Amino acid sequence: MLDTPLKLHPSVALRPEPFGALAYHYDNRRLIFLKHPSIVDVVKDLGDHPDLQSTLSAHGIAEHQWDAYDKAICSLIESDVVVQR
Amino acid sequence: MTALTDRMKDGLDAPICITWELTYSCNLSCVHCLSSSGRRDPKELTTEEAFHVIDELREMQVFYVNIGGGEPMIRRDFFDIVEYATTSGVGVKFSTNGTYIDAATAQRLASMDYLDIQISLDGADAATNDAIRGEGSYDTAMAAMRHLKDAGFGEFKISVVVTRHNISQLDEFKAIADEFGAQLRITRLRPSGRAVDTWHELHPTLDQQRDLHQWLLSHGENVLTGDSFFHLNALGDSLPGLNLCGAGRVVCLIDPIGDVYACPFVIHDEFLAGNVRDSGGFAGVWRTSDCFSELRGPQSAGACASCGSWDACQGGCMAAKFFTGLPLDGPDPECVGGDGEHALASAGTIPRPSGDHSKPVAVTLGRRTNA
Ligand code: SF4
Ligand code: SF4
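Line by line, the protein sequences are chains A and B.
The first sequence stops at residue 1419 when you use the numbering used here, and every number in between is there.
The second sequence stops at residue 376 when you use the numbering used here, and every number in between is there.
The set of hints was computed from the structure by calculation and includes no laboratory data.
This one's a predicted model, so the numbers in the text were calculated from it and none came from an experiment.
Misleading hints may appear alongside valid ones.
To be verified - List time: in silico EDC-like cross-link candidates among lysine to aspartate or glutamate, alpha-carbon distance up to 20 angstroms:
no., chain 1, residue 1, chain 2, residue 2
1, B, K162, A, D1361
2, A, K1369, B, D11
3, B, K98, B, D82
4, A, K1369, B, D15
Work out the full structure: start from the sequences and follow the hints.
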C-alpha cells in the first residue's frame, strides 16, 4: 500500500480521544478504534499527499516503522475507514 | 485487560453510546419497560431545549444518539428533532413499538439519511410477545416492519429483550429478521423500571443462559447485542465487544426532563449526575459531575475478587445488581457461577426506580395462551 494514493473515507468522522481516536462510519454505522495518536495524524493527512509513504515521511516517521504503519492502514482499508483515491 | 479497556474505564471526553428518551409517554404498558413509561411528564424538554442538546452533542462530536422513550414518535416534534440531529451530523437510531409507522411514514423515514430504526419485539409469535408488550402489539410491530420493507428502508433492526419465555425462539427471531431484510439485536433483561417487579419471573434460568452463550458464539457475527451479555464471558469463550460496564464512562442516559443518568437502566437518584438545563449543559454534567467521576474511579471487585472469571466478566451489570438489592461490588444476580443466586437469597431491600410514569392501571404479566 505504500505507493498507493489514499484518503480518509468521506463518510468517516474522527473524534480525538486520549488513546488515539474514535472513527465512526456513517454509511455502515460502525465504530472503529484508532489506538495511537500518531496513526490518527497520518490518516487525517493521507488525502493531502501523493501516497502513503510520502505521508509517512512528511510526518517524520522513520523508515523502519513503515511496515507497521502499512499494516495498520491495511486494516483500516478493510474496515472502509481509508479508501483508495 | 487491554490498555484500551483501561482507558475506557477512565471515561472518554464524550460518550460513545448515549440514549435519549424523548418522552415518558407511551401507548403501550410493557411489563418490563426500563423507564416505567406511560404518562408524559409535564416538565419534558421543549423543542428548543432538545435542539440545544443536539447542538451540544454535535460540538462534543457524539456521532449518533439512540432515541427512545416511552414511544418517541408520540412527540409532535419527533420529526423536527430527528431531522435537526441528522442534518447536524448527529446520526439517529430510534426505538419504537411501531404503532406510528404507517405506509406514508415509512416512506418518509426511508427517504432520510443517517437514520436507523429499531422495532421492539419480545416474542416470535403473538402469544409470547403480547404477554409482555400487550394485546395486539405483535401485529402492530409486524405491520410496521412490512411498511418499512415495502418502503425500501433497508436494514432496520429488530430488538428483542431476552426472557425466559422467548429464549427458545432465537432461531425464529433470526428468521423473522431475515424475512424483512432486517438485522436482529438481542439484549439482556435488567430489573429496571417496571422490570424491578417482573424480572424475577422473566429472567432466563442458568441453563438457558448457557444455551444463549452457545447460540451467541455461533451467530455472533450477524447478531447485535449492545455488548449486553458480557457476564456470560465467565463461561469460557468470550463474546465479541466491549467487556465492561460502560455506565458513566462511555454510556449515559438523558431522560425526557433532561436528567442525566449513568445508563438507561439506572434511573435512580444514586446515579443521577445532573440535568442538561444546568448552567454547564450536558457537557458540564458529562465532564465534571461527581457521580460520573466516582464511576470512573477504580472499582473494587468485592466478593468477585476471589473468582477466577473476574477478568472475563468484571462482575457483570451494575443495574442488575442495584435493582435486585445486591452489593455493587459483588456478583451479578445472573452470575453464571451461581453466586448471584445465592446472594439473591439474602439480598437487601430492593431500591425503587426514581419515577413511575405508568398509567394508573395495574400492569400485570399477561397469561401466555400457548404455554
Ligand atoms: S418498553 Fe413498552 S412501554 Fe416502554 S417504551 Fe417500549 S413500548 Fe413503551
Ligand atoms: S449498568 Fe449494566 S446496562 Fe448499564 S452500562 Fe453497566 S453493564 Fe451496561
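Is K1369/A within 20 angstroms of D15/B, Cα to Cα? holds, 15 angstroms
Distance restraint between K1369/A and D11/B, which requires alpha-carbon spacing of 20 angstroms or less: holds, 12 angstroms
Does D1361/A lie within 20 angstroms of K162/B when you go C-alpha to C-alpha? holds, 15 angstroms
Take a quick look at whether K98/B and D82/B sit within 20 angstroms of each other, Cα to Cα. holds, 16 angstroms
In the structure shown, no violation is registered for any of the earlier numbered hints.
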